[in-house]
Amino acid sequence: MKNPYRTQNIAFFFLFLATLLIIIPVGLIVVVIIQKGLPAINWQFLSDIPRQGMRAGGILPAIIGTLYLVTGAIIFALPIGLLSAIYLSEYAKDNMLTRIIKLAIVNLAGVPSVVYGLFGLALFVVFLKFGASILSGSLTLGIMILPVIITASSEALESVPYSFREVSLSLGASKWQTTRHIVLPNALPGILTGTILGLGRAAGETAPILFTVAAFYLPQLPKSIFDQAMALPYHLYVISTQVPNVDEKVRYGTALVLLTLVLFMNLVAIIIRYKFRKNKKW
Amino acid sequence: MAKIITKNLNLWYGGFHALKDINSSFEANRITAIIGPSGCGKSTLLRVFNRMNDLIDGVRTDGEVLIEDTNILNSQTDLVVLRKKVGMVFQRPNPFPLSIYENIVFAEKIHGEGVTRDKLDEIVETSLKGVLLWEELKDKLNEPALKLSLEEKQRLCIARLIAVKPDVLLMDEPCSSLDPQATARVEELMRELKNKYTIIIVTHNMQQAARVSDDTGFMLLGELIEFGKTEEIFTAPGDRRTEDYITGRYG
Ligand SMILES: Nc1ncnc2c1ncn2[C@@H]1O[C@H](COP(=O)(O)OP(=O)(O)O)[C@@H](O)[C@H]1O
Ligand SMILES: [Mg+2]
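As you go down the protein sequences, you meet chains A and B in turn.
The first sequence maps to residues 5 to 286 in the numbering used here.
The second sequence maps to residues 3 to 253 in the numbering used here.
Bear in mind the hints are in silico, worked out from the structure with no lab data behind them.
Misleading hints may appear alongside valid ones.
To be verified - Restraint-style ranges between C-beta atoms, simulated for each label pair: (1) Ala-108/A / Asn-12/B: 29 to 35 Å; (2) Pro-29/A / Ser-179/B: 28 to 34 Å; (3) Gly-116/B / Lys-97/A: 31 to 37 Å; (4) Ala-186/B / Ile-27/A: 56 to 62 Å; (5) Gly-17/B / Leu-24/A: 52 to 58 Å; (6) Tyr-166/A / Asn-76/B: 22 to 28 Å.
Claimed, not checked - A few chain B residues that don't get close to chain A, going by computed Cβ distances all over 12 Å: (7) Tyr-103; (8) Glu-137; (9) Asn-144; (10) Glu-234.
What the hints assert, rightly or not - In the DSSO-like style, the derived pairs of lysine-lysine whose C-alpha atoms are separated by at most 30 Å in a straight line are: (11) Lys-140/B / Lys-282/A; (12) Lys-131/B / Lys-86/B; (13) Lys-140/B / Lys-227/A; (14) Lys-149/B / Lys-282/A; (15) Lys-86/B / Lys-121/B; (16) Lys-86/B / Lys-97/A; (17) Lys-279/A / Lys-121/B; (18) Lys-142/B / Lys-131/B; (19) Lys-121/B / Lys-282/A; (20) Lys-282/A / Lys-111/B; (21) Lys-279/A / Lys-131/B; (22) Lys-22/B / Lys-97/A; (23) Lys-179/A / Lys-231/B; (24) Lys-149/B / Lys-179/A; (25) Lys-231/B / Lys-279/A.
Glycine included, every Cβ here is placed at the ideal spot set by N, Cα and C.
Taking the hints into account, I'd like the entire structure generated from these sequences.
And the structure:
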């Protein structure tokens, strides 16, 4: 006779192994980066401009540049993404066209980021003549995370129970009032979580900013959205491959700052989701 | 006085003929029960009266539904006005995930611009008194509505509805998730409410129809087989199929 518990235990073992296989590399990366990068972190590193051909000084312009880009991307992408998600999940009829659009959006999320970079170069930098600037870079990053925002927002909107919409309409609320007062507030945490996770990804991307904004070396902070800017991922690439004799701890320090920034954003997303789950009422 | 009259009302879900030539007349200040086996079209008929079937793709209706002499199937019908006048209580109690207070003032806040806090307080008080919940809830108006018991939730849903000041209350199996005692109390409330409203209640529970309603309609496979005074339907049904249903020969 077969022992069901034995097969179960074997299955558990392999599932556990698979999980371990994912966790170990992630853990190792974090540990190595912290170990090698932490000695570089001090106030000067965070608040000074790069000096001696980026071998010393700090990385402030890159931090600020990344923050600008991320902010710009969210200002552009969140409203548009949210509105199209509302249209797609609340208003659009479920027909062929809608399904094609949704499929296209899902596929856009899988387009390599360097393609977005080239697209941004062609459209924003060259055609619209924004030049290599924070504006072009933000728009490019924004377009890159739009599919993520739309998909996450649609899911969040669709997870709001149909009965809420039904009651609201039956009380004489219009469709828009129902969306605005009932659906949206209940979907908001999911929308924010998805957006932040998308943004975290954007913050660490090099390819989309390569042609659209990133400066090799800029000793001052950007003054307007039409200026070029340094950015953490590109700066990391530069000091790792383009500049000889950069101290290892500077490189890992930069990586650590970038990692912390991204993990911080994800943490915010997790907290929002956790709070919402705890208060989730249906 | 007849509040709602249907004339040769037909409804199709795509190709499926769900309501067949319904002719009926619902009286004001009375409770009319619609009974019949599951799937016979009771909910569909109810949802014609506040045009909730409009939300479903591929629904087609013809015939007339007169509410105070206006055919509400007309394409010019203002659905907001109609639904404020003809309100609905659903099978599952479905308060919004908001406070008790916010649930009741939801519609008022949406419809009335710049209503004062005093006015809202007053609406909350009258509505809760209307469903006999005021004494129990007056000190916890800001607590989440989803913490209430099922019965309280359903009463709250009725309160949320009467806050809109409708004329007609449509109730689709409002007691099906309640225990017998709670059901009895909600039925008591319905008797109270009929002084002010026209009530149409869908139920698969014949005892409930017999207990609470003044008129009864019996439906079968999309047809309204018989419609009349509850007493007569239950004591001397005119149609063989009604009798079979009432005596329990259908499911
Ligand atoms: N959205 C719909 N699309 C297609 N058919 C439906 C839909 N809703 C109900 N029906 C069908 O219409 C008939 C009547 O349904 P309903 O009014 O819900 O019955 P009841 O409330 O009496 O149980 C059933 O046969 C059901 O399958
Ligand atoms: Mg039903």
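Hints versus structure:
1. A C-beta distance of roughly 41 Å is found between Ala-108/A and Asn-12/B, which places it outside the suggested range of 29 to 35 Å.
2. Pro-29/A and Ser-179/B have their C-beta atoms about 50 Å apart, which leaves the hinted 28 to 34 Å range violated.
3. Look at Gly-116/B against Lys-97/A: about 36 Å separates their beta carbons, and that is inside 31 to 37 Å.
4. Taking 56 to 62 Å as the suggested C-beta distance range, the pair Ala-186/B and Ile-27/A conforms, at roughly 57 Å.
5. For Gly-17/B and Leu-24/A, the hinted distance range of 52 to 58 Å is satisfied, since their beta carbons lie about 55 Å from each other.
6. For Tyr-166/A and Asn-76/B, the hinted distance range of 22 to 28 Å is satisfied, since their beta carbons lie about 27 Å from each other.
7. Every CB of chain A is more than 12 Å from the CB of Tyr-103/B (nearest about 15 Å), matching its label as outside the interface.
8. Under the 12 Å C-beta cut-off, the non-interface status given to Glu-137/B relative to chain A holds; the minimum distance is some 25 Å.
9. Separation of Asn-144/B from chain A is adequate, the least Cβ-Cβ distance of about 15 Å exceeding the 12 Å criterion.
10. Once the 12 Å rule is applied to beta carbons, Glu-234/B is consistent with being away from chain A; the minimum gap is 32 Å.
11. Of the pairs offered as hints, the one joining Lys-140/B and Lys-282/A holds, with about 26 Å between alpha carbons and a cut-off of 30 Å not exceeded.
12. For the given pair, Lys-131/B sits about 20 Å from Lys-86/B by alpha-carbon distance, which is consistent with the 30 Å threshold.
13. Taken as a hint, the Lys-140/B and Lys-227/A pair is broken in the structure, with Cα atoms around 57 Å apart against an allowance of 30 Å.
14. A threshold of 30 Å between alpha carbons decides the hint, and for Lys-149/B with Lys-282/A the separation of about 14 Å falls inside it, so the pair holds.
15. Distance check on the hinted pair: Lys-86/B and Lys-121/B sit about 18 Å apart at the alpha-carbon level, within 30 Å; holds.
16. For the proposed pair Lys-86/B and Lys-97/A, the alpha carbon gap of about 26 Å is at most 30 Å, so the pair holds.
17. For a cut-off of 30 Å, the pair hint linking Lys-279/A to Lys-121/B is broken: about 34 Å separates their Cα positions.
18. The suggested pairing of Lys-142/B with Lys-131/B holds, with an alpha-carbon distance near 14 Å, which does not exceed 30 Å.
19. This hinted pair does not check out: Lys-121/B and Lys-282/A have alpha carbons roughly 33 Å apart, beyond 30 Å.
20. A hinted pair counts as satisfied when its Cα atoms are at most 30 Å apart, and Lys-282/A with Lys-111/B qualifies at roughly 28 Å.
21. A threshold of 30 Å between alpha carbons decides the hint, and for Lys-279/A with Lys-131/B the separation of about 35 Å lies outside it, so the pair is violated.
22. Annotation: proposed proximity of Lys-22/B to Lys-97/A holds, straight-line Cα distance about 28 Å (limit 30 Å).
23. Restraint check for Lys-179/A and Lys-231/B: the C-alpha separation of about 39 Å exceeds 30 Å, so the hint is violated.
24. Annotation: proposed proximity of Lys-149/B to Lys-179/A holds, straight-line Cα distance about 27 Å (limit 30 Å).
25. Using a Cα cut-off of 30 Å, the hinted pair Lys-231/B and Lys-279/A is violated, with the two alpha carbons roughly 54 Å apart.
The structure is inconsistent with the numbered hints 1, 2, 13, 17, 19, 21, 23 and 25, although it conforms to all the rest.
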